[in-house]
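Given two chains presented individually in distinct reference frames, assemble the corresponding complex, making use of the accompanying hints.
Protein sequence lines correspond, in order, to chains E and F. With my numbering applied, the first sequence corresponds to residues 380 to 541, in that order. With my numbering applied, the second sequence corresponds to residues 12 to 257, in that order.
Covered by chain E, per the in silico footprint, the following chain F stretches (three or more residues, Cβ under 8 Å):
id, region
1, 15-22
2, 180-194
Some chain F residues judged to face chain E by a derived CB distance under 10 Å, without partners named:
id, residue
3, L25
4, Q27
5, Y28
6, V34
7, S36
8, I38
9, R39
10, H63
11, A64
12, F111
13, Q115
14, F118
15, S119
16, K120
17, F122
If you're looking for bench data, these hints aren't it; they were derived computationally from the structure. Glycine is no exception: its CB is placed at the ideal position from the N, C-alpha and C atoms.
Here is how the chains run, residue by residue.
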Amino acid sequence: MLLPITFLFAHPHCFIDVYPSIREKQIEITWIMDEMSSQIMLMDFDRDHNGQLSSQESLSLFQETFVSLKKYNYYIRFLRQKTLLPTGKVSNFRASVSKGKVQYRFRLPLPAGTTTVRFCDEENYTAFIVNDAFVRKANAGKFYKVKPYNGEIGVGYAMELK
Amino acid sequence: MTELYEKLLHYITLWQYELNMIVSSNIRSVDGGSLESTFVILGIAFLYGVIHAIGPGHGKALVGLYFLKTGGNYMRALKMGYLIAGIHALSALIVTLLLFYVIQTLFSKTFWDISRFSIQFSGALIAIVGIYLIYETYKHRRDKDIAVSFNNKSDLAVAFSAGIVPCPGVMTITLFAISLGHVALGVATAIVMSIGMGLTISLAGIVSIGAKKRGNKFLGKYGIALQLAAAALVLVLGLSLLLYKQ
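So that you can see chain F by itself, here it is in the shape it has in the complex (with noise of 0.2 Å):
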């Protein structure tokens, strides 16, 4: 690791922690519906989400891959950032829910049970998903644009296959707010960290696409290498997840 990445890593990981006591000590304080407390908590989380997408994870390397290769415009980033973030924010309120209603045991064991097999699932999908580039590269590789190629369908897989992991930083919080019985801000805790992720995994995409237009003004018709290489790279990266052994 750089020496700038290493200092940026521990800035992260301690904005974390000072972001993760003052939404747990908020929660824990709510007093019966205080729009007041509940603003400054659902505040804090947008903050924290913005914040725990920035270290690794949440599927910012396979947006930033995927429009190195695709291209397209920022707005499809942004849509592509917010899609993933809804997904990996749903995924999560779907198993604490189950896990605090249904299971009711080993909560510890099962977060990550759940996450380590959700992360290898996700792996095929994002295999499946670079083979799939990989092909369309090689399909349009006479093409002058080849983006064309690339519609909603593809977003959607891409964002489903990145999104599919539950986020165990919004599991935990959910967790801890239903547990003490704020179940509604719970829910509503994990809305607003997605909406702060999603604008971390969009600026991912828009910085992936400024690059890619002056890489293609550069590399001119040996564009298709680079376009080449982010789909391997996709490839390697979902495969990485499914061999993934704890």
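This is chain E alone, in the form it adopts within the complex (with noise of 0.2 Å):
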């Protein structure tokens, strides 16, 4: 009978941006760090210190760091009405560096059918946000609406496609 133990401790650290992009077929995601997240990731990444994420250095960081986010989906989960649907594979993942802000940009599969994408990382280590502005920007000419979104634990957005 041990309490949910995650609740207990977990708290955001980390906040990052959310920009996605609805195409047809596919999302395109966009994540922008925090500035102090962005300094430490720099750190470890940023191996010739110039300030900017080389191709060399955006692999390294996938390789190192984002593969391990698949077992979280991403903290990305595509839902139609209220069924789970399966997060598919990551591609043209490319790490780079704006105003001092470490930026994430990759695409995934959209579901057929999906009616809900939601945004959150359910043990509440890193906060993602997502509002209108952040939609508006990402989607020209097209809106989707944004809700708060609460897991068990997490605190996140949903954006409604449909």
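As structure tokens, this is what we get:
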């Protein structure tokens, strides 16, 4: 009878702005990390200390950190009504730096019939921020409704496609 | 989660998100020793500490249960809150300085490895505190006021067991400031943030002491059951942390 343990101590230390761009069969996600977390990532992966992430540095970051996020479905869940759909394979990953902030851009297949896309770290170590302004910027001419989502522990957002 | 708690968590997250942005942009733009910028950063760091500690973690559950078990006065809760926050920030400072000046590699991974290990170590200590509290409750079950058996040593043990987990929030801010060359500011920010966190953790103890006083009046001679339940929950809390696996 142990307590739901992450509920007791988990709280976010990394804040990520999410810009989700909806395509026909794909979703392109841009994550922009907060400045502090960006600095820590740069200390690890900007190996030539030029304030940027080269293709090789981006690949190292992908292999050493991003790949391991597969077990969390990259903190993105696709739903058809209330049914969870499988998260596919990441493609076109590229990490870069803009205005001192580390950005990840990557694509995931958009499962047919997706009605909602959720962005949430269920363990609440990372806070994913999605708002109307980010969604408008990522989807020229289209608008998708965003509302807060609360998991068992994590705090996140749900974007409604239909 | 209740709807109210869900909303609160959202607000806490968004407040921290805003404060995180303000602190980082101010630290980045602080020019050689500008007193005004320094005070702005320290003021926000205090607020950040208060809000950061409202969310889950930071020993509030342990403090709450401990004072539900032992009772005491409000000053003792205040002292306990600041002891935990002090140890919490000090351990974060030590780890950050070691990481930056000695290990100098894989900060993001090492952050997580240290957090995971310290959470389990803290769990083991909290479980020992829980066993001690259960033992004391049983031993003094016929005493009118068993709170007298708890002293500074047991307060210190509780503070140490909860505070030993280095606060990742403090680690992140300090590492950020140090990496930009603001070593003194990084250390000062950690101290001020811990003062803010201490206030919130103390409040958990104060609320608990208040609840115990009311509970004692209400429960009368069955108050021992409340104390035993609180002590048992401390043990469960410790075991949960000890057995936690990522």
